[in-house]
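Visitor: Here is what each chain is made of, one letter per residue.
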Amino acid sequence: MDFLRDPIGFVIQWYVGWLAGLGLPAVWVDVIAKLTGALVLATGAMLFVVFLIWYERKLIGRIQDRFGPNRVGPWGLLQPVADMLKIFTKEYITPIGADKFAYNLAPILAVAAVLLLWSVLPLSMTVVGTDLNVGLLFLIAVGGLGEMSYILAGWGSNNKYALLGAFRLVAQLISYEVPLVLSALVPVMLAGTLSVTGIVEAQEGVWFIVVAPAAALIFFIASIAEIGRSPFDLIEAESELVAGYNIEYSGLKFGMFFVAEFLHAFTVSLIFATVFLGGWRGPGAEEIPILGFVYLMLKTFVVYFVTILFRGTLPRFRIDQMMNLNWKVLTPLSLALIMAMAIAGGLTRDLPIFWQVMAFVLVNLLLLALTDQIMKIARRKKAKVNLAIGTGQPILTSSTKHGTGE
Amino acid sequence: MNGLQAVFLLAALVSLFSAAMVVSARRMMHAALWLVLTLMGVAVIFVTLQSSFFAVVQILVYVGAIAILIIFSVMLTRRVMEDHGDQILPGWRGAALVVVLLFAVLVGFLALWQGFTALLVELPPEADNLLELGKALVSPQGYVLPFELASVLLVAALIGAITIAVDRKEERGG
Amino acid sequence: MLGNWLYIGIFALVALIMPALTILIAGILSPKRPDPIKNSTYECGVETVGPNWTQIKIQYYVFALVFLIFDVEAVLLFPWAVAYQFLPLYAIIEGVLFLLILVAGFLYAWRKGALEWF
Amino acid sequence: MIPLAWYLVFSAALFCIGLFGALARKNAVAILMGIELMLNAVNVNLIAFWHYHAQVRSAPYVHGLAFTTMVFVVAAAEVAVGLALIISAYRRRQTPVVDELTLLKG
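So the sequence lines, in the order shown, correspond to chains R, S, F and H.
With the working numbering, letter number 162 in the first sequence gets 162, and the count goes up by one each step, no holes.
With the working numbering, letter number 3 in the second sequence gets 3, and the count goes up by one each step, no holes.
With the working numbering, letter number 29 in the third sequence gets 29, and the count goes up by one each step, no holes.
With the working numbering, letter number 56 in the fourth sequence gets 56, and the count goes up by one each step, no holes.
To be clear, the hints were calculated from the coordinates, so they are not data collected in a lab.
Because the structure is a prediction, the values reported are computed rather than measured.
For every residue, glycine included, the Cβ atom is placed at its ideal position computed from N, Cα and C.
Mixed in with the good hints, there may be bad ones.
What the hints assert, rightly or not - Here are the computed distance ranges between Cβ atoms for each label pair: (1) Gly282(R) <-> Gly3(F): 25 to 33 Å; (2) Gly21(R) <-> Leu149(S): 53 to 61 Å; (3) Leu97(S) <-> Gly3(F): 42 to 50 Å; (4) Asp320(R) <-> Pro34(F): 37 to 45 Å; (5) Val27(R) <-> Leu149(S): 42 to 50 Å; (6) Phe3(R) <-> Gln5(S): 36 to 44 Å.
All chains should be built: construct the whole structure from the sequences, respecting the hints.
Guide: Right, dumping it as structure tokens:
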């Protein structure tokens, strides 16, 4: 019965008990148990990518009115396996003049930075990688380590297109990390802890996406930008750059960047589901922990599905539009959001929790509406300027780009 | 010699070695990458000191932001891929002497202090207390003045750096 | 505390070794027939003139700069946010003031045109 | 169970290496990297003493943490302005080498 309610936790307990029974010192039991856990989780994540690739290709295919992969295996399920076998036997081509160490380290680091994110995520009530007291900050910091791998790749390739692509990508990533970090402050404020497990526990009554929809929206958009996917796929802008930082890579070294991207996309959905959608929380998840895992996966796949919808339906941003969205919409919005929520929470502190939540929701919705209005006005202004250009009338200097008259 | 000591020694050796590479590497980009390794090593040192918060902040701020800023600057201040010529000033022997003397003096004076040989034991988990830090940062008896001044300093740095770096005249030309 | 980090350290090692091993295995399986043309730098068909180097724009520096400032500011604000529920109202206002000062700097950067992508 | 001495010697060594870099490197960016190393050494020292004090008092001790936070702020501000100066000087003189940056001599 215990096994049915929580098979994963049961197996872990049994395994640790078995290790302890071998007569090893306690420290070694601990290390071996942790090593096994890490190995299983990391291997599982890597193999999961195979399924993710199939899922995404199938969905994108359906969006574009195609079948997607349907030849190898039932519903084309084995297509990614076949692709993997192919890429395994491809030759590595190392460009002349490449910085060997940086060139080879980059794909490894790219995957490692994403895999490491899994170490602090709670997968169900009993299966937690590790409950670090600064877990959320850890997620953001390690997510940022990926930037280093792109710089290594771009610089190690000894190719100007790779270098340009890498710097472009890193500029995008660090820009979008600003609203990401700022909007991450909101769940921390609500939960009163940085630990990811603590944040999940704090969402017992109500999910944070309900309390702070604006923060969730900012976090979600910034996360999509962090994985560098359409509509933010400026790195692979075929019409602008040759291919981006990974142009000189071939074979599995290229494949590793690919794996990192897919895994990152899924991991980001997992983080979003954990931080804003209540993680493993759901009816009955506390009594039957395996249900929590199922809930978490369901939520994650919903979020992942939305990111794929974004990818499949939205056109690519121009780079200046993308930067404007970040610096002129998301960052000011998140700054205003933190201040407004802090004050609203401080003022309604003595009221019952229901009114507190209502105040938070109201502040969020108001700010979203305000942003929408301001964006509309700005767009109208811009349309007017464009009209003036079209009719050949002189444009007033006051309405042109500011900062040029100096 | 237990596991923690081994981790510390490894991290310390790696960071000292890569710090030495930072100050001696001929190519600036290599120096910057070695700097990243040093910073990671220091993050591990913070972990051995049980300061999770600063270990993570070290990665977030130093590796994630400062190192990237330095790498961008390296790319902005080079004309050719190879850094030609000697990267060390002619008077480096004097500098080395000063540094070695300083190290000897520092360690010598520290060794006189009775706490020098104290063993650091494992702290209880609530020692790395963000809650207390957060309260102290905004309490009038604590650090509210440095806290607000930090904001002013950051803004001053932001404004100053942008004013210095963004040169409108050149910007329009190229 | 240290136990948490032990797990993360082990996980980091595993996360580094696994892709490295995969790449190594693929390297053994895959053919190796290098030739100078194949190994030359990819150049869109035309040979590069001059060294493989390109000057990046000052804009990259400015973005990294603003990012750094906000990152450090977030580091100061995270403890504040953790303690938020236990803070009196004036302490919350102090945090808001901290942000407002930063907003002033952000607006300056905006007016100055530093946030434009040219 | 690490002696405090190890941390102090490590941080002294890191500080001295950073100082050497700041004194002996030609490239201005490298000098800044040396200064970053020195600031890191300071942080290691502060955290080590924080741990020591928390242990001696056997109570949470925030002052060391608050000081370290401030060092992070100062490091960020320093590197931001320092690099901006170097880039600005480079754009005028086309060199990042400090010996050739004799702006004041004219």
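Visitor: All hints are to be evaluated individually against the structure, with a verdict given for each.
Guide: Hints and how they fare:
no.: 1; hint: Gly282(R) <-> Gly3(F): 25 to 33 Å; verdict: holds, 29 Å
no.: 2; hint: Gly21(R) <-> Leu149(S): 53 to 61 Å; verdict: holds, 58 Å
no.: 3; hint: Leu97(S) <-> Gly3(F): 42 to 50 Å; verdict: holds, 45 Å
no.: 4; hint: Asp320(R) <-> Pro34(F): 37 to 45 Å; verdict: holds, 41 Å
no.: 5; hint: Val27(R) <-> Leu149(S): 42 to 50 Å; verdict: holds, 46 Å
no.: 6; hint: Phe3(R) <-> Gln5(S): 36 to 44 Å; verdict: holds, 41 Å
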